[in-house]
Structure formats: structure tokens, C-alpha cells
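Knowing the structure of chain Y, use the given hints to seat chains A and E with the ligands on it.
The lines below spell out each chain.
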Amino acid sequence: MNKLESKQVNFYYGSSHALKDINLAIEANTVTALIGPSGCGKSTYLRLFNRMNDLISDTRLTGEVIIDGVNIYKKGINVDNLRKMTGMVFQKPNPFPKSIFENVAYGLRVNGITDKKFIEERVETTIKQVVLWDEVKDKLKKSAFELSGGQQQRLCIARAMAIQPSVILMDEPTSALDPISTSKVEELIHELKTKYTIVIVTHNMQQAARVSDHTAFFYLGELVEYGVTKQIFTNPNVERTQNYITGRFG
Amino acid sequence: MKPFFKNFSEKLIEGLLMICGTITSLTVVLIVFFLFKEGLGVFNKKAVEEGYVVMVNKSNPVNSISPEDIKNIFDSKITSWKDLGGKNDSIILFRLEDISNYFTDEQIGENFEGLPLLLNRVVDSIPQILAFFPEKYLGKNFKGREIEAGKITFSTFFGGKEWFPTAQPAAQLGVMPLVMGTLWVSLGAILLALPLGLAAAIFLSEIAKDKVRRVMKPLIELLAGIPSVVYGFFGLVVIVPAIQKLFNLPVGETGLAGSIILGIMALPTIITISEDAMRNTPRAMKEASLALGASKWQTIYKIVIPYSISGISAAAILGIGRAIGETMAVLMVTGNAAVIPTSILEPMRTIPATIAAELGEAPDGGLHYKALFALGCILFIITLVINLIVEFISGSKKNRRV
Amino acid sequence: MAIDENKITRSKKRNQSIAFCVFAVIGFLIVAILVTVLSFIVIKGIGVINWDFITKMPEDGMTKGGIYPAIIGTLCLVGGSMIFAFPIGVMAAICMNEYVKDGILKKIIKQMTNNLSGVPSIVFGLFGMALFVNKLGFGDSILAGSLTLGLLALPVVIRTTEEALKAVDDTFRHASLGLGATTWQTTRNVVLPIAFPNIITGLILSVGRVSGETAPILFTVAAYFLPKLPTSIFDQAMALPYHLYVLSTSGTNIEESRPIAYGTALVLIIIVLLTNILANILRKYFSKKVKMN
Ligand SMILES: Nc1ncnc2c1ncn2[C@@H]1O[C@H](COP(=O)(O)OP(=O)(O)O)[C@@H](O)[C@H]1O
Ligand SMILES: [Mg+2]
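Protein chains in written order, with the numbering used here: chain Y, 1 to 250; chain A, 1 to 402; chain E, 1 to 293.
Chain Y with its partners taken away, still in its complex shape (with noise of 0.2 Å):
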């Protein structure tokens, strides 16, 4: 069964039609990549997975958005549940303004786990997961902007994990990364395929060469193509896509 699946989606941000007709179905435990010029409706469609959406005002969906084959914009979703189940890493690295441990241990502190013990192993866990631990472990308790921007980002990446996510939403993940951070993030992302569904929106195309199973291209709100990664990059059937990962515009 697909993990994640859009049937006839469309998208408006009051008149104006952000993405138009999107059909797509991701597998369990790929890493999904969406291309395409900005403004093209990638982050608008990322968001609908954790309905980060419904936050802005005027807004309307038609359409399913589908996650383990629930329609997750159907009436009765609890919308925090829904979010638990995925985790979502930002352009910019944006910690909370709290200490180190209390950005990982936040989404088990909200979600009503109280057991100390419990938050203090799956922390270690996690961090240790993003390859952070050696970092970062003599000073837990200091304020997370003491890190530096790849390890904030990286950081980033285990607090939306800690939650035990199945699906990660990245958003231009390493775009505010230096190249060694970003080659950094990106074995991450590697080893977190194995347990997560990961889509990730990128602006850059060897990156999405590199990480990516499949890759999907949006062009003006609208799917223009969606295939495994080697083929749209190397044989692509639209000419659109050719042109743009050839860099001829976007």
C-alpha cells in the first residue's frame, strides 16, 4: 500500500489556484524528492501532509489528501495527532528558545509522556541518531542557538524525530547549510530511509539526484512529471523537465 497518496488535489490561497489536479502516491520508506521553479506550489504541497495549511486564513483544498489510506482532511481527524505521525524539518533551522534537551524532548512533553526516564533515553537515542551525540553531550542543558547553523538544522531533524514520526517533511532542508553540513544532513537522510517515508523539496538538483528514489516536478501549480529519480534525470518524457534540470530556466 502506498504510504502517501493525492487524489485530484487542488489548492487555492483565496482566488489564487496554487496546485491544480495533483495525483501522486508515494511509497513506504522512499525518499521523494519535488522539484521545480519557485513558487511552483512545492512547499504549498508538502504542507498539506501535516495540514500546516489550515494555518493560513482563506485558504480552500478539494480533493484527498491520504496518509496509511485515511483521507487525513475528512471530518473528525484530530489535526495534533495527525502532525505527530509526521515530523517536519524547515528551510531555516529553527529551534525552540530552550535548552538543547528540551528541543528533542518537546514533541514527548507535548504530546502528555511524563516519564523522565523515558524522555532521557529517547532523547540520547535520537540524537545519537542524527549523529549529534558526540556533539553535543557535555552540554544538553546550554541553549540550542549556542549550536552552530548545521548542527541547529541537524538538531532540527532529531526533534521531529523523537516523536517516532513514520513520515518526515523536509523543506529545502540544507538551503541555509554550508556544503559540508548539507553533505552532512544528507547521509542522514540516507539512513533514515530504512525507517521513514521521506519527501523532501529541493532546489537543488544534484542533491535531489543524490538523495532521492523518485523525484516529482511541479511547474505552475501543476505535476508535471513523477517518476524514479535516475529516469526523470537522465531520459525525462516531459521536455519541460529537460529543460529544467538542464537549467535552461527556473
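Because the hints were derived from the structure by calculation, they are not lab data. Here the structure is a predicted model, which is why all the values come from computation and not from measurement. Fair warning: there could be bad hints in the mix.
Here are the computed lysine to aspartate or glutamate pairs in the DMTMM-like style, where the Cα-Cα straight-line distance is at most 20 Å [stated by the list, open to error]: (1) Y:K230 with Y:E187; (2) Y:K184 with Y:E172; (3) A:K302 with Y:D115; (4) E:K13 with A:E287; (5) Y:K116 with E:E5; (6) A:K87 with A:E146.
Just chains A and E with the ligands now, kept in the frame of chain Y:
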């Protein structure tokens, strides 16, 4: 010629602009100068009526009496020299009119020409005496000793428990009741306004729909524009009677009435500043919290409020500052009794209200006048400190964000 | 780890509903307070206001007649203070924003302006009395009162003007400077015209502020009762806010002069409302115009 002229007028304008640029600094300096010149003049002045001297017998070891002690002696609350650090003798208070108890009119003489001699005799012969009389009756070779009576010092001014500048024979200039009154009324105001203001700010910045916000925000800003005298008037005709009825008091003019009015007046400051601070919370940070399954409310109290805490504290402190400095509204509704308050349901008097109520009656340059300027100095220093605290808070915030 | 998902979900939901409910109620409560204050004064005062009320002298120990001299006095004070504060404030803001470079000097001036704006109005009153009334010998006069009010309005004028100047995009300045214009020419011909609407808005708002101030004029100009109009700037004058204070606390017959007090309060509120509305209209009107250009 032309470029020279152009250059010249350009320089002239620049000079003019520079002068204007310094005007606020200049004003602050002038305010400090005039306020403190008059205000500091109150210290080391004597609270005893001008032209009077206070004499004791040569054998009396007491050197000085504070204004408060003078009052207590006159009120017979202090009767022994021991209380003033002297011998264990009772005080014999002597005022000029008491002279007729000791001597006949004949001895005094028709034009009081006998007075200096008689006064000398009285003071010299009674060891326990404390004599008040006009300096002009002080004879040559006076055998008594003048003591320093009613000197106003820092400690009598700031520690004094009574404010009664027109009291006889010694003006009582203790700011304690005024300071306490100001604190009670302002703290009461902030206790009312802070929770309400914060709640409203949270509502406006995080919960309200755009449409609601667009109506409410200007209304609240309007609240800030209403003159304080109108608030005072409203308090006087609505809140004061209501409090009187509600608590069954003899008068409704109480600290509580002041706190309520000041609270209403502080609301716009608190709401706008803390709302601004909360709206400055990066969207991504709020989204990150929501994306972890936190509810909107959890996001508000776990992320938004901690993030904007410095702005919120600045709002609270500025609110207190406005409350402390507010004059007219308080003057109109608090009843202005200069006593140290024991309950919020008593009449109280604040520092600004005291200045406003009394400056008109204080003779220019007199002790009372100077005392009121000293109150002005206190207010000025409080506002400076508040500004510095706010500056410090928002400064540390900036550093953190870098 | 056994946690009851449903229970937690429910309690999260409940807490949120309670909190939001409380906040909404408080938000509306505050608006209700404002509406109460305003409507109370409007309802009580509206019957009092008529042509006679605003054009007649007070009569019968201020229990009858109008508030004409107080209106005129307030107009004089507002006018006087603005003649003083507006040009100086605008120039100070220009100096700060266009001339002085970022650095210690600017910081000091900023801090001082900030301090001045935090000084309680009664302290301005004290200062005005010491400097203008006594030291400079103006006596209780419109001149002394206007200067005192002007000083109080200065930080407001400076701040709004500075904001207006800051809102002008630097590209305008660079374009003008690039053509060889001096800083002053750039300021006068390019920056000021663009910033003008917002500067005027600031002026109007400070008029609203100044017209309601009482404490600074208590000892510098205000007359308890003066049944004639001022003839020179060295005359005392009545003023609306002080008149309201006198009527409601120390008039000869407080009960009988209540209606006049309500009327006076309403006139003050109308002034504030008018300045607010005018400022908003101007802001909208000009912002449209700028967009069209
Ligand atoms: N909050 C919003 N309100 C209105 N329009 C928006 C909003 N966010 C995005 N849009 C519009 O929707 C379109 C898609 O935006 P987005 O999904 O952010 O594109 P991408 O992430 O591919 O750059 C753009 O045209 C953008 O202007
Ligand atoms: Mg995007």
C-alpha cells in the same frame, strides 16, 4: 560666488539641524538641572517656621531634634528628654505665648521690649526647657543654647512617615506615605492590567481572526488616546460610587478606584507592546511546534510566550511606569489622604497627585515648593530607571537573536 | 510506555478550548470597557452640546452657559505648542535620520529622546513652572503653557517623523545623491515630499495628545475661571481638560455643573476621535496617491 553661497547655506542648514537634533538632550539636561536645583534645596533646610529659633538650657546634652520629634513633642507623644537622647527629665515646652505664665504684662512691656531679657531668664533657669520663639526676641549674651531643630535630611525625608507640609510648628515632609500610596495604586493597577492585557494580546496576535483584529486593534489604540482627565472624570462619576456601594464604605475615593482607572489606562500600552513582541515570534518556530503535534494553546504558552518574554516584560514595566507617573486620573479618584495605606480600600495619595494638588498653594521658592520639586526628582529618577531597564531587556534580546 | 492517547488528546483539546474561551472573553471585555467609557460620556454629554454651549461664556459659577473660553484656550495652546514642536521636531528627526551617522552620538540622542518621552507629564509641569513661569518670567501665560506642552510633544513628533523618514526607500536617496545633489537637496526635494503624508499624520496625532493634557498646564497657564478671551500670549487662559477637572472636583457647585462637565468631556473625546479619524483618512488617501504615482 555661487558655489560658495550654496556651500554656506548648506552649512547653515546643517548647523540648524544639528541644534534641533540636540534639543531633546538639552531638554533632559535642563529638566535635570531645574528639578534637582530646586529639589535638592529641601535638604538641610529647617522645617521650623522661618524666623523662629529653638533654644534649650546650656546643661542640656541634646543637639538636634528631627521634624517628626518636634511634632510629637507638641502632640505630647514625647514628653521626656530621654526619648531624644538626653537626660531622664520631662520636657518643658515653652512657646512665646507661655511667657505670660511666668511674668506679668508689666514686666513684658507694652511693646515687648522686656521680652529678650525675660526669655533669657526662662531658658537659663529651667534645665528641662525647650523654647520656641522668634529670632528677633533673641537678646545679646543669650545664656541658652540653640539646637538644631527640624533639620530635613535624607533620612527624615525618605524615612518620614508623615506628609503635612503646612503643619505648625514644623512642616512634616516624610515621603513614605506618598511612596507607599504610589506603589499600592500602581501595583494594584498592574495586577489588574497585566493578566487582562496579556490575555488580550494573546487573543489579538494568536487567536483572533484577521477581521476581528482589524477592528479591535484600532479601538484599543483609541483607548490610549483618551485624555487622562476624562478617565478621571469617568472614574469619579462611575467607579467611585460603585466602589462605595459595593464595599459599603464611607467614601468611594480609594486606592482601588485609582488602580482600576490606572489599570484601564495601562491596558493599551501593555497590549500593543506585548502583542508586537508575540507577533515577532518567527512563524517557522510556531509551525515547528504545531508540526510536532502540539496544540495551538501549547504552542502559545510553550513557545510564543517564552520567545517574546522580554517584550512582555518590557510591556509590563512600561505599564508600571505609566501608572506611576499618571497624575490627573489618580488625583481625581483616590481621595488623596497622605497616610501610609493598610488596605486598598482606603484613600491614598500618590507622588504625582501630591505635586498637582499642592504646587498651586506652595509659595515660590519656599520649603514646600522645594519639597514638591524633590518629589518631581523622585518621579524623574523612577522613569529613568524604568527606561534603562526596558533598554537593557530589549538589548539583551537583540544579542540573543544574533 | 502505556499512555492513553485518547485521554491526552481530550485533555489537550479541553485545555485549549478553556484557554481560548477565556482569552476571547477578556479580549471582548476590554473592548467593552472602551465602549462603556465612550458611550457613557457620549450619552450623558450629547444633550448638553449645542451651539450655545460651544460659543458662550460660563455663567452662574460655571453651572450654566458654555465653555467657549476653554475651547479657545485649548486651541491657542495646541497651536502654540505645535508652532514650537513641529518644526523643531521635524528638523531634529531629519538631523537624526539623514545626517548623524550610526554611532555613539546617535545612540545618546536616541536614548535622551526616549527618556524625554517617558517623563511623566506632571514633571513637565514642574519644569515649565520653574523655567518658563519663574526663571524666564513669562508668568502664568499661554506662552509658558505652549512651550511646556511643546516640549512634551517633541518626542512624539520626532518619533513619528523618524518613522516616516525611515519608510522612504534608500534607493530614492541614492538616486538623488548619485546625480550630485547634496544631502540637504536630497532631503528637501526627494525624501521630505515622499515622507510628508506620514509626517502630517504624526502631527495630527500629537495634536490629539496635547489637547487633552492637564498636568503640564496646571501651573503654567491654566485659569480656574476667566470669563474673557486671552488677548496676548502673555495672558492666562482656560483650557478644556483643566476645565473638566475643575468642574468635576472643585467647582463651586459640583452637582449643578455636572452636565457642563459631561459636555466638556464629550468635546475632549470628540477632539481625540476627530484627530484619530483624520489621521487615518490622510494616511489612506496619501498611500493611494503614492501608489498611483
Ligand atoms: N500564505 C500564502 N498566501 C497566499 N499565497 C501564497 C501563500 N504561500 C504561497 N503562496 C503562493 O502559492 C504559490 C506556491 O507557493 P509555494 O508552495 O511556496 O512555492 P514553492 O515552495 O514551490 O516555491 C506561489 O505563487 C505563492 O505566491
Ligand atoms: Mg518553498
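Each hint, compared with the structure:
Using a Cα cut-off of 20 Å, the hinted pair K230 (chain Y) and E187 (chain Y) holds, with the two alpha carbons roughly 18 Å apart. Annotation: proposed proximity of K184 (chain Y) to E172 (chain Y) holds, straight-line Cα distance about 14 Å (limit 20 Å). Under the criterion of a C-alpha separation no larger than 20 Å, the hint pairing K302 (chain A) with D115 (chain Y) is consistent with the structure, at around 19 Å. At most 20 Å may separate the alpha-carbon atoms for a hinted pair to count; K13 (chain E) and E287 (chain A) meet this at roughly 18 Å.
Note on K116 (chain Y) and E5 (chain E): the hinted pairing holds, with a Cα-Cα distance of about 18 Å set against a maximum of 20 Å. Between K87 (chain A) and E146 (chain A) the alpha-carbon distance is near 17 Å, which keeps this suggested pair within the 20 Å criterion.
The structure shown violates none of the earlier numbered hints.
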